[in-house]
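> With the sequences and hints as input, model every part of the structure.
Just so you know, the protein sequences line up as chains W and G, in that order. Those letters in the first sequence? Residues 34 to 374, per the numbering used here, in order. Those letters in the second sequence? Residues 34 to 374, per the numbering used here, in order.
FYI, nobody ran anything at the bench for these hints, they're computed from the structure. There could be a bad hint or two in this list.
Keeping only pairs whose Cα atoms sit at most 25 Å apart, straight-line, the calculated DSS-like set for lysine-lysine is [what the hints assert, rightly or not]:
id : chain 1 : residue 1 : chain 2 : residue 2
1  : W       : Lys175    : G       : Lys38
2  : W       : Lys38     : G       : Lys176
3  : W       : Lys127    : G       : Lys163
4  : W       : Lys275    : W       : Lys261
Negatives, chain W to chain G, calculated, CB over 12 Å [stated by the list, open to error]:
id : residue
5  : Glu44
6  : Asp209
7  : Glu305
A virtual CB, placed ideally from N, CA and C, is assigned to each residue, including glycine.
There are 2 protein chains.
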Amino acid sequence: MSEKKLPTIKEIARQLNVSVSTVSRALHNHPSIGLRTRMRVHQLAEELNYEPNQAAISFKQRRTYTIGVILPNLKEQFFSEAISGIEDIASQNKYNVLIGQSHDDVEREKQIVAAMKNQRVDGIIVSLAKHTKNIDHFTALKKYDIPVVFFDRVPAQPNVNKVSFDMRGGTREALDYLVANGHKRIGILNGPEEMKSSKERTEIYMEVLQKRRLKIDLSLVVSTDLTKESTRAAMDQLLSAKPRPTAILAINDWVALDAIQYAKSQHLKINEELCFVSYANLPITSYLETPPMASVEQYPYEQGKTASQIMMDVLNQDKETAEPELYINTLIKGGLVIHEK
Amino acid sequence: MSEKKLPTIKEIARQLNVSVSTVSRALHNHPSIGLRTRMRVHQLAEELNYEPNQAAISFKQRRTYTIGVILPNLKEQFFSEAISGIEDIASQNKYNVLIGQSHDDVEREKQIVAAMKNQRVDGIIVSLAKHTKNIDHFTALKKYDIPVVFFDRVPAQPNVNKVSFDMRGGTREALDYLVANGHKRIGILNGPEEMKSSKERTEIYMEVLQKRRLKIDLSLVVSTDLTKESTRAAMDQLLSAKPRPTAILAINDWVALDAIQYAKSQHLKINEELCFVSYANLPITSYLETPPMASVEQYPYEQGKTASQIMMDVLNQDKETAEPELYINTLIKGGLVIHEK
DNA sequence: CTGTTAGCGCGTTCAT
DNA sequence: ATGAACGCGCTAACAG
Numbered sequence: 034m035s036e037k038k039l040p041t042i043k044e045i046a047r048q049l050n051v052s053v054s055t056v057s058r059a060l061h062n063h064p065s066i067g068l069r070t071r072m073r074v075h076q077l078a079e080e081l082n083y084e085p086n087q088a089a090i091s092f093k094q095r096r097t098y099t100i101g102v103i104l105p106n107l108k109e110q111f112f113s114e115a116i117s118g119i120e121d122i123a124s125q126n127k128y129n130v131l132i133g134q135s136h137d138d139v140e141r142e143k144q145i146v147a148a149m150k151n152q153r154v155d156g157i158i159v160s161l162a163k164h165t166k167n168i169d170h171f172t173a174l175k176k177y178d179i180p181v182v183f184f185d186r187v188p189a190q191p192n193v194n195k196v197s198f199d200m201r202g203g204t205r206e207a208l209d210y211l212v213a214n215g216h217k218r219i220g221i222l223n224g225p226e227e228m229k230s231s232k233e234r235t236e237i238y239m240e241v242l243q244k245r246r247l248k249i250d251l252s253l254v255v256s257t258d259l260t261k262e263s264t265r266a267a268m269d270q271l272l273s274a275k276p277r278p279t280a281i282l283a284i285n286d287w288v289a290l291d292a293i294q295y296a297k298s299q300h301l302k303i304n305e306e307l308c309f310v311s312y313a314n315l316p317i318t319s320y321l322e323t324p325p326m327a328s329v330e331q332y333p334y335e336q337g338k339t340a341s342q343i344m345m346d347v348l349n350q351d352k353e354t355a356e357p358e359l360y361i362n363t364l365i366k367g368g369l370v371i372h373e374k
Numbered sequence: 034m035s036e037k038k039l040p041t042i043k044e045i046a047r048q049l050n051v052s053v054s055t056v057s058r059a060l061h062n063h064p065s066i067g068l069r070t071r072m073r074v075h076q077l078a079e080e081l082n083y084e085p086n087q088a089a090i091s092f093k094q095r096r097t098y099t100i101g102v103i104l105p106n107l108k109e110q111f112f113s114e115a116i117s118g119i120e121d122i123a124s125q126n127k128y129n130v131l132i133g134q135s136h137d138d139v140e141r142e143k144q145i146v147a148a149m150k151n152q153r154v155d156g157i158i159v160s161l162a163k164h165t166k167n168i169d170h171f172t173a174l175k176k177y178d179i180p181v182v183f184f185d186r187v188p189a190q191p192n193v194n195k196v197s198f199d200m201r202g203g204t205r206e207a208l209d210y211l212v213a214n215g216h217k218r219i220g221i222l223n224g225p226e227e228m229k230s231s232k233e234r235t236e237i238y239m240e241v242l243q244k245r246r247l248k249i250d251l252s253l254v255v256s257t258d259l260t261k262e263s264t265r266a267a268m269d270q271l272l273s274a275k276p277r278p279t280a281i282l283a284i285n286d287w288v289a290l291d292a293i294q295y296a297k298s299q300h301l302k303i304n305e306e307l308c309f310v311s312y313a314n315l316p317i318t319s320y321l322e323t324p325p326m327a328s329v330e331q332y333p334y335e336q337g338k339t340a341s342q343i344m345m346d347v348l349n350q351d352k353e354t355a356e357p358e359l360y361i362n363t364l365i366k367g368g369l370v371i372h373e374k
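Here is the structure:
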């Protein structure tokens with residue numbers, strides 16, 4: 034076990050018979066250092082394999098070049114793609130990424146925030162836990178000059194940085210597509226009522242049908258708690274409506290798959306008697322016998338990149354000259370992807 | 034923009050008219066501090082909302098309570114589940130997790146290692162980039178007392194900590210299952226030759242067939258580079274063998290799906306004329322019309338947890354008393370999961 | 001151009 | 001039981 038001490042600027046200074054500040058400046062290519070000494074310093078640093086101690090620099094500069102990312106769960110594909118985007122942008126900007134999973138537990142979320150604050154992360158990117166209503170633990174970070182960027186699961190407040198999916202636009206596109214394909218009775222398979230997206234979906238449903246002068250039947254808007262059983266029950270409602278809907282817009286691919294499975298068991302011909310469109314979170318629809326006929330792509334990787342870029346911008350903007358109360362609210366446009374047969 | 038300064042022990046000391054060392058000790062419940070002062074300190078710390086500056090502590094203690102995790106890609110489900118396990122165990126032990134994606138680029142991998150070293154992470158958990166052969170950039174970390182735990186994509190060297198999937202055992206189980214189901218001609222759809230797993234699969238193939246006294250035909254062992262086209266070409270080979278194999282063991286679910294798609298296009302009845310077994314990396318086989326009939330589950334989340342636990346053990350073991358050259362090599366046993374129809 | 005000095009916040013001797 | 005003083009590695013005034 035080698036007890037090799039890592040070289041420090043002090044050591045370099047000693048060997049070169051110069052002061053530490055000279056070494057520090059030389060290493061940073063400060064203009065006021067003579068070319069000659071600068072070269073000697075660089076050379077010895079090279080030889081000794083000198084690497085600046087980031088822990089010391091973080092301490093001194095009160096900047097860690099680390100951003101914290103808090104998400105419900107890394108296992109979910111949506112989030113792992115998102116963090117992949119976050120990390121890509123961050124690393125391009127020489128930032129480190131610290132992760133924490135809230136597991137959709139508000140208490141855990143608070144703990145992570147506290148831990149990250151103590152770690153002195155430079156900023157926090159977060160997708161809120163499912164039931165987080167109160168975001169005081171995040172707004173309090175403003176006092177410590179730790180910027181926060183919310184993404185995907187964002188709070189309703191306007192005075193925060195956030196990037197989220199344009200649920201209204203995506204839904205509008207999906208419904209327009211279905212109507213254009215001749216569907217007049219369209220069912221909605223929503224998530225839990227509390228979800229903001231459910232409300233928005235219903236809202237756009239009414240908007241589009243009204244514009245197209247189609248009859249609005251709210252019994253065609255049902256909810257599932259996302260479990261297979263609940264989805265089946267919801268489908269039961271939809272399929273027993275008279276007349277039966279000819280198309281269903283489902284909250285996500287998983288729900289759509291469960292719904293399709295159920296519809297099949299009822300001997301319905303998928304994408305003929307009954308069409309499905311859902312919001313994409315699966316990469317495998319192409320291997321399915323009967324996939325949804327289209328999906329609204331939400332680009333999680335892009336969302337992550339965008340959130341990360343906003344964070345970089347905020348961190349790099351001059352604290353003095355910046356407008357203090359300017360917040361960024363980005364909507365990611367979804368694209369409707371038609372699945373070829 | 035509030036310029037609120039974070040409270041420090043110095044500040045507490047000032048307000049209480051005691052010395053910083055007293056405060057420090059009181060906060061750590063050092064026995065030599067009078068109960069009275071200790072309480073006063075704790076109370077004021079509470080009031081001021083004092084939080085120790087981890088950046089300072091990291092600097093001073095030369096310990097960051099942070100482990101670095103380097104993986105090829107966060108988007109791949111296997112890895113995101115693994116890191117989920119890593120993070121769960123780490124956070125239970127009050128460790129932070131810093132992530133880096135190598136994107137299967139060796140140079141990038143080296144950069145990340147360097148950056149993490151400078152960050153003074155306490156240890157590194159890594160799944161190697163696809164083509165990393167030389168692991169000097171990891172073994173060099175021993176000089177700095179930074180332990181390394183490899184997982185999944187591990188190096189061949191024996192003198193490292195590693196946790197990997199028991200490919201031999203899983204393959205044996207899969208082949209035994211096929212033989213038990215009456216298959217005598219079994220094809221192997223291997224990955225690139227360089228992959229350690231491909232060699233092992235072939236090895237076990239020969240072992241099992243020999244033991245079962247079945248004819249070994251190495252023309253039934255083919256390779257794909259994992260792309261759809263390559264898989265089709267490989268399937269062409271397998272299907273043109275005389276007699277045709279009745280079962281195929283594929284390197285992973287994606288390849289199996291491509292192979293199944295192709296076999297279907299050749300009008301073969303899946304799981305009747307031609308059975309598939311593969312290694313699980315997809316959660317959705319249950320929604321497929323014709324899934325592989327069984328999968329060898331590799332438990333990525335468990336692998337992550339195990340790797341993380343090993344890291345925790347290594348970090349907590351007494352550096353003085355520990356055997357210096359004791360390395361842990363854990364094999365994760367796979368389970369064969371039969372997919373019900 | 002270069003050196004001296006003073007911290008950053010904390011834990012830790014060594015005194016008292 | 002408590003305080004004074006030092007140093008971790010580095011940057012940044014301030015002095016020449």
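> Confirm or reject each hint.
Verification of the supplied hints:
A C-alpha spacing of about 12 Å is found between W/Lys175 and G/Lys38, which places the hinted pair at or below 25 Å, so the restraint holds. Between W/Lys38 and G/Lys176 the CA atoms are separated by roughly 9 Å; this keeps the pair inside 25 Å, and the hint holds. The straight-line distance between the Cα atoms of W/Lys127 and G/Lys163 is roughly 24 Å, inside the 25 Å bound, and the hint therefore holds. Between W/Lys275 and W/Lys261 the alpha-carbon distance is near 24 Å, which keeps this suggested pair within the 25 Å criterion.
Taking the minimum C-beta to C-beta distance to chain G, about 15 Å, the non-interface status of W/Glu44 holds against the 12 Å cut. No beta-carbon of chain G comes within 12 Å of the beta-carbon of W/Asp209; the shortest separation is about 28 Å. Taking the minimum C-beta to C-beta distance to chain G, about 16 Å, the non-interface status of W/Glu305 holds against the 12 Å cut.
Violated hints: none; the structure is consistent with every hint.
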